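Engineer: Hey, can you work out the whole structure from these sequences and the hints?
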Amino acid sequence: MSVIGEAALSAFLELLSGKLVDSVLNFVADHRQVHQQLEQWQSILPEIKAVLNRAEEKQIKEEGEGVKNWLDDLQELAYNVDDILDEFAFQQLRLKLQKPQAQASTSKVQKLIPTCCTGANFSPTSFKFNTKMISKIKEITGRLNSLNTRRSSLGLCEIMSQGATSKGKKPRLQPTSLMDGAVEYVGRANEKQEMLELLKINNSDGVCVISIVGMGGMGKTTLAQLVYNDPSIKESFDHKAWVCVSDDFDAVNITKTILKSIDADSRDENDLNLLQIKLKEKLSGKRFLLVLDDIWNERYTDWTILRAPFGAGTKIIVTTRLEKVSSNVDSVKAFYLDKLSHPDCLFIFAQHALKARNFDGHLQFKEVGENIVKKCNGSFGSKSHWKLVTHNYEFEEEEIILLWRAEGFLQPKAKSQAKGLGNQYFQDLVSSSILESEKQQKFSHRSRHAAYVSDGWYHNVKKFEAFYQMTSLRTFLPLPLMIPRHPRLFITNVVLDDLLPRLSYLRVLSLRGFEIYDLPDLFENLKHLRYLNFSSTEINCLPDSLCSLYHLETLILRNCSKLKNLPSKIRNLVSLQFLDIRGADSIERMPSGFDQLTKLQTLSNFVIGKGDGHLIRELKNLSNLRGNFRLSGLENVNGRDAREVKLNEKPGIDGLELHWSTDLENYTRKKEVEEQVLDFLCPQKKLEQLIIENYGGAKFSSWVADSSFKNLSSLKLYNCKNCKSLPSVGRLPLLKDLSIILFHEVQKIGVEFFGENELNPFASLEILSFESLPNWKEWLPTHVSSLQKLKIHTCTSLVVSISSFPSLCELRIRGCAELVDDCSSPAKEVSSLQTLTLSNISKFNIPADRIMLRFGNLGYFEIGGWKELKSLSQHGLSLVGHRFIEVSRCPQLHSLETEEAELQPDKVSRVESLWINGCERLLLPKVLYELTFLTVMKISGCPGLVSFAENNLPPNLKKLHISWCENLEYLVDEKEDNKRMSRTLCVLEDLNIYKCQSLMSLSSKGHKKICNQLQLLQIADCSKLSCLFSNTKLPTTLKSLKIDRCPELECIAQEFDETACLESILIGCSGIKSLPRGLDKLIHLQEIRLRECSNLVSIEESGLLTTNLRAFSVDGCGNFGALPKSFVEWGFHRLTCLQELIIGDRECSNVVSFPEEGIGMMLPPSLTSICLSDCSNLEFMFSEGFQDLTSLRTLVIYNCPKLTSLPEKDMLLSLGVLAIFKCPLLKEECSSDKGREWSKISHIPHVLIDYNNIIPRITD
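The opening residue of the sequence shown carries number 1 in full-length UniProt numbering; numbering runs sequentially from there.
Don't read these hints as lab results, they were simulated from the structure. On a predicted model such as this, the values are computed, not experimentally measured, just so you know. Take the hints with a grain of salt, since some may be wrong.
Quick list of in silico lysine-lysine cross-link-like pairs, DSBU-like style, CA-CA up to 35 Å [as the list claims (entries may be wrong)]: (1) Lys710 to Lys843; (2) Lys646 to Lys671; (3) Lys200 to Lys791; (4) Lys995 to Lys1024; (5) Lys96 to Lys192; (6) Lys620 to Lys791; (7) Lys96 to Lys68; (8) Lys1234 to Lys1202; (9) Lys260 to Lys286; (10) Lys843 to Lys926; (11) Lys959 to Lys1081; (12) Lys610 to Lys699; (13) Lys791 to Lys870; (14) Lys599 to Lys646; (15) Lys1033 to Lys938; (16) Lys699 to Lys670; (17) Lys736 to Lys870; (18) Lys620 to Lys599; (19) Lys280 to Lys339; (20) Lys938 to Lys870; (21) Lys256 to Lys995; (22) Lys789 to Lys1005.
Structural biologist: Here it is as structure tokens:
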């Protein structure tokens, strides 16, 4: 009973009884023997259901194994009963859709069939069906009777349920700073003490943040409460505040709560700027402790905005489940809470359950208490015993509701309520933290649901061995976690050709994301299927047998970009409720028959092909459509056909997209026809989102701007090239987001756009975008008080006045004729503005003083594409006041600040991030060192730079990326004896230099201090680099070292420090002769990659590799050899953590076998990937060397011309991908029709030979 509890099983039995009464007994009325058996089921099932409460009660009390076994057997039998009833229902649908052959024929053969078998529903197929099922039905009757008999012997009699009925779910109360004084807290004493010490340290370097990180139930909030309420805290801080943030990271409300905690009489403001100014004033010179409990927001910019008012003396405690949040807040210390110890858990449980410190006075409860604590597994807040899905897989709400429906979990009184019921269930589970994860699943013949997460991109045959035991499986749900760099997944052909046809009871089948080109014709054996998901596969057609799935409710073909058509007999899918073809853009037309799919609720897109305009009429019967709906190919529709769609009679549609083809110049398209079509496609009044694309009419229908569409919040009008004016959408009362794109004929936007005589146009508008209106010249803007974001892109004839938008938060202007300001009125600062982008503006005609007033303090400032711009201060712009600055494509820009501005000490720049790109003449300011807030800087394409800085780097710079600066010679040019630098601790952690051909060294005098805190160092394509750390050691803090394509570099450093933190080394420099000594000292080293180091003779002098190594690669190091002999003699297999091995050497001519048989070379069993290349004499793979490689997933063989064979098949069962290049003999042997090696590789999910897919084979 671990999967279905008493309540769920009770509901399941009730559902089965209902199926018997509703339809099945009538269906089998003419089959007396079957009817009698099912009548017995009908009488026994309620008797069993009536004792489930009693059975569950006995099981909890653990009264022997008898009750548990009885419940397990009942659960299994319930599934069997449901499967058989489902087959009856399937036959009912089949007979309804297909004329019985018996009624269509009067042949003599039919007359020979006994009359007892020729009822109204008889056909030869149905006769066969009942004959096949009779033995199963009798077996189930026997098992039901047996369970009923055992019920009595186990003492299971009917009892009245004592459970109270829930009358509604109240929202969960948020924790506060207060604690229960009667409770003794245990388990986190060490963490508490360390946090108190950190909080009492008096530092004046800025805000100090401490984070507490852990999964739900680990005690993060409790630990924060313990610290917050400690008596010593009151003495150490002037003020303190507690805010429970949760998932609503609202900077305004958080700031208001903090302000109220400090000053209860503070006014209730909603302007964040005013709130933060008041808060900063209140905290000036004060020591302040703030707790932000339960943060989920991962956006770094949100955190920086919230942090703005806090300065030196502020200490912040953050609790979160997310490690990224801890990283974003720049914690000085992160406390990662693990599960509580078993004794601590026992103490807590006893305290809450018995009001005691232990079970000594309650021995009768000790055993059950220990079992409960054991199941909690160190956490009381996490309901791990409710685990439903596989570890680390995140379901979308819609997805999991569809799965529930497929499994029959949603049984509303009215069919149309299923999705709403699912939404309700989903929200209840999420709010209760019940949707969690399962790390491991045990499979048996009774298993009904199987879901697994791929441990890579290739699903090999070994992964599915356990599935062959699960003969009654209902759910086959691979959960591919899509990885951006490797978006494709591969599955062995064994699953498609052999396993799936055996799983005849499947109801849920997903092959989402797999590289599948052809689907076998297997669906006739899978008649129970409700849910099919082939999203993001490469299929170009669906087999006809899919249309025999009369129970199918969900068909997902999202992003099947090669799929051209839906099956022609789609009308037979009479149970279909959800059809998703978003992203399947190759579908040219819909087949006929959609008018038969009357249960359809979700239809993402209906495509009308050329000559098929009449098919749009079939939508008339689909009155249950809801959600988002798209109509494509509307250029093929006329007004008469459009009239019949009746969109205004489909109240469930809340998002509508009307799409014509992009070929607006096609002579067959008539403006008048398209205007008529748009008129007749008027939707229902509750519409929330509307998109109109490629419309060819000259004017819009009146309904587009009808104020009666009171729920319309988002409107996008795209590529309507023939329209000379815009509709009066200012009348739409709740419109929040408006996009106008590609209107070539529009020249003026004025009253007609805002709505003539409209007193309050765009009352709710927050986001307004104009893009690609090349002839737009005149704009008469009306003040829109609610507008927060304005974007104007590529409106090349437009003059934009910045005085028209006083309350914006974000302004982005690109590609306009001129930017002006109304100088007749005094300039005012746009205090709300946080983001400003000005790019590719032909004329900038605003006085510098007005720019400084309007845009003096921004969060993010971007400027680009100004050919005449020579300095920022020329136009009133500077480094002062902005936190994030990006400057690009300003070829005349030579200075960020004028010399006068640089000399003013009162102007302190608070810029934190500075990006500069494509400024050919730019020289960085001499006072770069004074940018004390600067932490990130990226420079690219600035050939004027000879050095990044003189004498000193900015004191708080942590990340520096420089690329394509062809004249850069040094990172720091020490022009004088710089004693200051020797005293300064540089905090630079991440240094990346790329394509700087003149770079010779990091420092002109070889000073080490600029890199003493480095963690990441990456230098590539710097052809003159000759010195790094030649006379010294690498920084001990360094974790990753990548030096590539720097041919003049001969030595990186003399030796590795024994305290070094290096985890990754990549060196690809032809001039390198040796590696630093002390390689064996790098206990943290996980990967070492050497490539094209043609002068490197050996690494043996550096010492042997650490056993923690995960990746070892030697490629193109001609003097080095394949593997050092000493490594083999030492025992290469001792690298017990090694996962990736790459051996590639053009001079590896002595290797005949791999592993090398003669020298007794053994490979580590931990290997998951092997790559061999350029082994000119390699003839065979030594099978015995592969016998322990049970984790091997990838085998790549390149340019081994003499190789003819692979290891034996048993050695390759775990393999997910085999790639063979430039191996002509082996290629021939791996041919699918005649090759001797084919049988060894046919099961591998992905076989690639000379860049051609062999498995899966690509079809046209």
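Engineer: If a hint holds in the structure, say so; if it does not, say that too.
Structural biologist: Each hint tested on the structure:
no. : hint               : result
1   : Lys710 to Lys843   : violated (41 Å)
2   : Lys646 to Lys671   : holds (22 Å)
3   : Lys200 to Lys791   : violated (48 Å)
4   : Lys995 to Lys1024  : holds (11 Å)
5   : Lys96 to Lys192    : violated (71 Å)
6   : Lys620 to Lys791   : violated (39 Å)
7   : Lys96 to Lys68     : violated (42 Å)
8   : Lys1234 to Lys1202 : holds (19 Å)
9   : Lys260 to Lys286   : holds (16 Å)
10  : Lys843 to Lys926   : holds (30 Å)
11  : Lys959 to Lys1081  : holds (28 Å)
12  : Lys610 to Lys699   : holds (24 Å)
13  : Lys791 to Lys870   : holds (26 Å)
14  : Lys599 to Lys646   : holds (17 Å)
15  : Lys1033 to Lys938  : holds (27 Å)
16  : Lys699 to Lys670   : holds (13 Å)
17  : Lys736 to Lys870   : violated (39 Å)
18  : Lys620 to Lys599   : holds (13 Å)
19  : Lys280 to Lys339   : violated (39 Å)
20  : Lys938 to Lys870   : holds (20 Å)
21  : Lys256 to Lys995   : violated (49 Å)
22  : Lys789 to Lys1005  : violated (50 Å)
Of the numbered hints stated above, those contradicted by the structure are hints 1, 3, 5, 6, 7, 17, 19, 21 and 22, listed in ascending order.
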